[in-house]
Amino acid sequence: MSKVITIDPITRMSGFLEITAKVEGNLVIDASTSGLLFRGFEKMLRGRSPLDAIYFTERICGICSTAHGMASTLALEDALKVFPNENDKYIRDILHGFEFLQNHIRHFYLYVIPSYVKLPDIHPISPQDSKDFRLPNHLNERISKNYIKAIEYSRLAHEGLAVLGGKAPHNHGIFVGGVTVNIDAYKLEKVKSIISKIKEFSNVMLEDAYIIAKYYPDYFKKGITYPYFMSYGVFNNYHEKELIYANPGVSIDGKTYELDSNKITENIHYAWYISDKNVKRPGEDIEYQVDISKKKAYTFIKAPRYEGLPMQVGPLARLIINGEYKGGNGTMDRIIARAIETKRIAEIMEILCQKVEIKNNNQEIYSMPDKAYGVGLIDTTRGALGHWVSIENKVIRNYDIITPTMWNLSPKDEKGLYGTTEKALVGTEVKNTEDPIELGRIARAFDPCVSCATHVIVEGREPIEIRVL
Amino acid sequence: MKQEIECPLMPCKESTAKLLSEEAIALIREGKAKKINAMWLEVTGCSGNIISFLNGENPGLDYVLTQLINLTYNNSLMGEEGEKAFQIFLDTLDTEFILLVDGAVSTKDNGLYNIVAKHKGKNITALEAVKMAGEKAKYVLAVGTCASHGGISAARPNPSGSKSVKDVLNREVIRLPGCPCHPDWVTGTLAHLVAHGKPELDSLGRPIIFYGATIHDSCTRRGYFDKGIFAKKLGEKECMFKLGCRGPVTRTDCPRRKWNGYVNWPVEANTPCIGCAQAYFPDGMEPFVRY
Chain X
1 MSKVITIDPI TRMSGFLEIT AKVEGNLVID ASTSGLLFRG FEKMLRGRSP
51 LDAIYFTERI CGICSTAHGM ASTLALEDAL KVFPNENDKY IRDILHGFEF
101 LQNHIRHFYL YVIPSYVKLP DIHPISPQDS KDFRLPNHLN ERISKNYIKA
151 IEYSRLAHEG LAVLGGKAPH NHGIFVGGVT VNIDAYKLEK VKSIISKIKE
201 FSNVMLEDAY IIAKYYPDYF KKGITYPYFM SYGVFNNYHE KELIYANPGV
251 SIDGKTYELD SNKITENIHY AWYISDKNVK RPGEDIEYQV DISKKKAYTF
301 IKAPRYEGLP MQVGPLARLI INGEYKGGNG TMDRIIARAI ETKRIAEIME
351 ILCQKVEIKN NNQEIYSMPD KAYGVGLIDT TRGALGHWVS IENKVIRNYD
401 IITPTMWNLS PKDEKGLYGT TEKALVGTEV KNTEDPIELG RIARAFDPCV
451 SCATHVIVEG REPIEIRVL
Chain V
1001 MKQEIECPLM PCKESTAKLL SEEAIALIRE GKAKKINAMW LEVTGCSGNI
1051 ISFLNGENPG LDYVLTQLIN LTYNNSLMGE EGEKAFQIFL DTLDTEFILL
1101 VDGAVSTKDN GLYNIVAKHK GKNITALEAV KMAGEKAKYV LAVGTCASHG
1151 GISAARPNPS GSKSVKDVLN REVIRLPGCP CHPDWVTGTL AHLVAHGKPE
1201 LDSLGRPIIF YGATIHDSCT RRGYFDKGIF AKKLGEKECM FKLGCRGPVT
1251 RTDCPRRKWN GYVNWPVEAN TPCIGCAQAY FPDGMEPFVR Y
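Taken in sequence, the protein lines are chains X and V.
Residues 1 to 469 (my numbering) are what the first sequence spells out, left to right.
Residues 1001 to 1291 (my numbering) are what the second sequence spells out, left to right.
One should not assume that every hint holds.
Stated by the list, open to error - Below, simulated DMTMM-like cross-link-like pairs (lysine to aspartate or glutamate); rule was C-alpha separation at most 20 Å, straight line:
{"hint": "1", "chain 1": "V", "residue 1": "Lys1120", "chain 2": "X", "residue 2": "Glu364"}
{"hint": "2", "chain 1": "V", "residue 1": "Lys1034", "chain 2": "X", "residue 2": "Glu414"}
{"hint": "3", "chain 1": "V", "residue 1": "Lys1118", "chain 2": "X", "residue 2": "Asp435"}
{"hint": "4", "chain 1": "V", "residue 1": "Lys1233", "chain 2": "X", "residue 2": "Glu364"}
{"hint": "5", "chain 1": "X", "residue 1": "Lys187", "chain 2": "V", "residue 2": "Glu1022"}
{"hint": "6", "chain 1": "V", "residue 1": "Lys1084", "chain 2": "X", "residue 2": "Glu152"}
{"hint": "7", "chain 1": "V", "residue 1": "Lys1118", "chain 2": "X", "residue 2": "Glu434"}
{"hint": "8", "chain 1": "V", "residue 1": "Lys1237", "chain 2": "X", "residue 2": "Glu414"}
{"hint": "9", "chain 1": "V", "residue 1": "Lys1035", "chain 2": "V", "residue 2": "Asp1094"}
{"hint": "10", "chain 1": "X", "residue 1": "Lys296", "chain 2": "X", "residue 2": "Asp30"}
{"hint": "11", "chain 1": "V", "residue 1": "Lys1258", "chain 2": "X", "residue 2": "Glu152"}
{"hint": "12", "chain 1": "V", "residue 1": "Lys1084", "chain 2": "X", "residue 2": "Asp184"}
{"hint": "13", "chain 1": "X", "residue 1": "Lys294", "chain 2": "X", "residue 2": "Asp184"}
{"hint": "14", "chain 1": "X", "residue 1": "Lys296", "chain 2": "V", "residue 2": "Glu1128"}
{"hint": "15", "chain 1": "X", "residue 1": "Lys187", "chain 2": "X", "residue 2": "Glu414"}
{"hint": "16", "chain 1": "X", "residue 1": "Lys3", "chain 2": "V", "residue 2": "Glu1083"}
{"hint": "17", "chain 1": "X", "residue 1": "Lys145", "chain 2": "V", "residue 2": "Asp1062"}
{"hint": "18", "chain 1": "V", "residue 1": "Lys1108", "chain 2": "V", "residue 2": "Asp1094"}
{"hint": "19", "chain 1": "V", "residue 1": "Lys1232", "chain 2": "X", "residue 2": "Glu364"}
{"hint": "20", "chain 1": "V", "residue 1": "Lys1018", "chain 2": "V", "residue 2": "Glu1057"}
Unchecked claim - FRET-style restraints, in silico, Cβ to Cβ:
{"hint": "21", "chain 1": "V", "residue 1": "Arg1290", "chain 2": "X", "residue 2": "Asp435", "range": "51 to 59 Å"}
{"hint": "22", "chain 1": "X", "residue 1": "Pro120", "chain 2": "V", "residue 2": "Leu1201", "range": "32 to 40 Å"}
{"hint": "23", "chain 1": "V", "residue 1": "Tyr1262", "chain 2": "X", "residue 2": "Lys81", "range": "36 to 44 Å"}
{"hint": "24", "chain 1": "X", "residue 1": "Asp276", "chain 2": "V", "residue 2": "Asp1109", "range": "15 to 23 Å"}
The hints are simulated quantities; they were obtained by calculation from the structure and are not laboratory data.
Computed from a prediction, not measured in an experiment: that's the story for all the values here.
No residue lacks a Cβ here, since even glycine has one placed at the ideal position from N, Cα and C.
Work out the full structure, taking the sequences as your base and the hints as a guide.
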């Protein structure tokens, strides 16, 4: 006899997620993930000043706003043919690096850890009702203490971001042409000092991840999904080898390929949108409308696909594509990959700081072309983020965004292929169907951000020429 | 009687979140004030205000949670999930509590564009949750510009029909705008509520201690403005006024308080203030950058 389990809200993540799982005996035989927030950023952006897209799109997401600032800036630089110099690129990547550190530390300790470790009795962290806490006392206590420390280190990462970018979340310092800060010796030293503290803590975090892995080894086997990975690359546009972290690429069934962004599509078959066309390419100007009564639809998240395949994006994808992780594709692999990456990024940020010269920024007065088109593809904390902008009459004509969480948390597509997290859930053995803690653990390891994933929609648009990438 | 001349900057100096919190905590310890329950509800927004709250320093998050308030419900932090999590929300409704709302309230299609929980098989929309808790709360705090005024979530053409918290509740709402809201503005207001009751509010419901003066009043680049020296592009060190700076109309204490460990703020990052704490942000504040 089968039973349907619904978990809503999946707490300890950004935004609103529901998981529904059909369980037969103790085995999940069907699963769906639903993003339950819709705001419609792409529609809002129409008609606005293109340069405003940077600060505007940052507000898609409170935990990864710098990611959107980066992608939007890259898309505009592509459209305006602006090429920042190396020094400004270093500083910009340090800003972006701080967002990684902030995000990864918060995700690991504040979002993931409470599912595995009994924490101090502080509301709302407690109550924690799980019956599956396995750590011996001394290790439980160690990670509990590090949870409190993580509050300080993640705060510190945002302080580093603010030194260079004014404030965080929603910084002002990343802009077309590079950055707006005039770096000086004091700021640089302050940033270096923050990075060095966080780097030290990243070692602790990595040890904590391995401790969790040791006591929950079954989670290497839980949450296994398709062997399809994608990255747009990050910390990679440099001549110096020591600065390169992740190159763009795709890995399918163990083979690595070059990324071809023309192979990206998104479809709305199971999402609460209606349109003449169920499948479109990003940047293509096609009208959608929200329809929450649409039959079979169950989410506000569209289904992006690469060559028709649901890809996994994020730290594990970056490490696998770049040959830096030899483990598997399960929940614990994702948790460990994020911890490994935190340390790697802190190291790269230190090298970037060594390269930075004390020079003024290179801002210009940017004039807006009547018509232009630009694409910004970059890997961010949660994975591959793309912004596609078209400009007409000096304002935004069309703006498309595909966020990392849309990849990881997509619904089924027209072929019936599960989304990446759904696939990870199907086949899971749930020990106690009254307390299905496995499902939340599996979903959170992808670091879903529904605020980001469900911004989309372009409705009531008058038809214009369709542009195909 | 001697007439008092009020300096607009004095309230900012006298109202650090730290001072207010220490005062509140001392009263709690002496048994003269109560550590009150609170719920932080994330709704139609980016959850950036809770992230900003986590950035609080002196007092930091653990201090606020252990000493100042008893935060029973918050999606980003709570240990529980699913039905058990939402049950805590329901249980808190029967106590004395402060409601903090992060995000606007989506109203289109009866609020179904934002579902915050499923309870006994029924979708609980953000609109329902805000109404349920908002009607019973001792105080309601709209944290951030979306909750305070609609903000980015209600930007034209407002596809989700997002409204401010005040617009869906028939009661007093303390507005703490800012995109995001500065952690000190939240903690300071909470501490004030615990120690002294409601802070003095302006006509829009904003605590005057944090929102009493405009950015322009206390701008670190005011000297340039007064001498008529203006930046011509972002990245310069002069007054940002001619690039579209909204400091003259935006009421916050950013220039003095600064952000993230009090290290910087947008104008010192050589960019204009974009008026993110104002009622008409973003539509009335555009373009953010004027070239």
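Tested hints:
The straight-line distance between the Cα atoms of Lys1120 of chain V and Glu364 of chain X is roughly 57 Å, outside the 20 Å bound, and the hint therefore fails. Between Lys1034 of chain V and Glu414 of chain X, the direct Cα distance comes to roughly 56 Å. Violation of the 20 Å bound is thereby established for this hinted pair. Only pairs whose Cα atoms come within 20 Å are accepted, and Lys1118 of chain V paired with Asp435 of chain X is accepted, the gap being roughly 16 Å. Of the supplied pair hints, the one linking Lys1233 of chain V and Glu364 of chain X holds, its CA atoms being roughly 6 Å apart against a limit of 20 Å.
With a CA separation close to 31 Å, the supplied pair Lys187 of chain X and Glu1022 of chain V exceeds the 20 Å bound. For the proposed pair Lys1084 of chain V and Glu152 of chain X, the alpha carbon gap of about 29 Å is over 20 Å, so the pair is violated. In summary, the hint linking Lys1118 of chain V to Glu434 of chain X is supported, as the alpha carbons are separated by about 16 Å, within the 20 Å threshold. Restraint check for Lys1237 of chain V and Glu414 of chain X: the C-alpha separation of about 54 Å exceeds 20 Å, so the hint is violated.
Distance restraint check for Lys1035 of chain V and Asp1094 of chain V: the Cα-Cα separation of roughly 16 Å lies within the 20 Å cut-off, and the hinted pair is therefore satisfied. Under the criterion of a C-alpha separation no larger than 20 Å, the hint pairing Lys296 of chain X with Asp30 of chain X is consistent with the structure, at around 14 Å. A threshold of 20 Å between alpha carbons decides the hint, and for Lys1258 of chain V with Glu152 of chain X the separation of about 18 Å falls inside it, so the pair holds. A distance of roughly 51 Å separates the Cα atoms of Lys1084 of chain V and Asp184 of chain X; the hinted pair therefore is violated under the 20 Å criterion.
For the proposed pair Lys294 of chain X and Asp184 of chain X, the alpha carbon gap of about 56 Å is over 20 Å, so the pair is violated. At most 20 Å may separate the alpha-carbon atoms for a hinted pair to count; Lys296 of chain X and Glu1128 of chain V exceed this at roughly 25 Å. Among the hinted pairs, Lys187 of chain X with Glu414 of chain X is inconsistent with the structure: their alpha-carbon atoms are about 52 Å apart, more than 20 Å. Pair hint Lys3 of chain X plus Glu1083 of chain V holds up; C-alpha atoms about 16 Å apart against a cutoff of 20 Å.
Using a Cα cut-off of 20 Å, the hinted pair Lys145 of chain X and Asp1062 of chain V holds, with the two alpha carbons roughly 12 Å apart. Straight-line distance between C-alpha atoms of Lys1108 of chain V and Asp1094 of chain V comes to about 29 Å, which puts the hinted pair past the 20 Å bound. For the given pair, Lys1232 of chain V sits about 9 Å from Glu364 of chain X by alpha-carbon distance, which is consistent with the 20 Å threshold. At most 20 Å may separate the alpha-carbon atoms for a hinted pair to count; Lys1018 of chain V and Glu1057 of chain V meet this at roughly 9 Å.
As the Cβ distance of Arg1290 of chain V to Asp435 of chain X is approximately 56 Å, the hint placing it in 51 to 59 Å holds. Range check, Pro120 of chain X to Leu1201 of chain V: Cβ separation about 36 Å, and the 32 to 40 Å hint holds. The hinted window of 36 to 44 Å between Tyr1262 of chain V and Lys81 of chain X holds, with their beta carbons roughly 39 Å apart. A hinted range of 15 to 23 Å holds for the C-beta pair Asp276 of chain X and Asp1109 of chain V, which are about 22 Å apart.
The structure fails to meet hints 1, 2, 5, 6, 8, 12, 13, 14, 15 and 18 from the earlier list, while all remaining hints are met.
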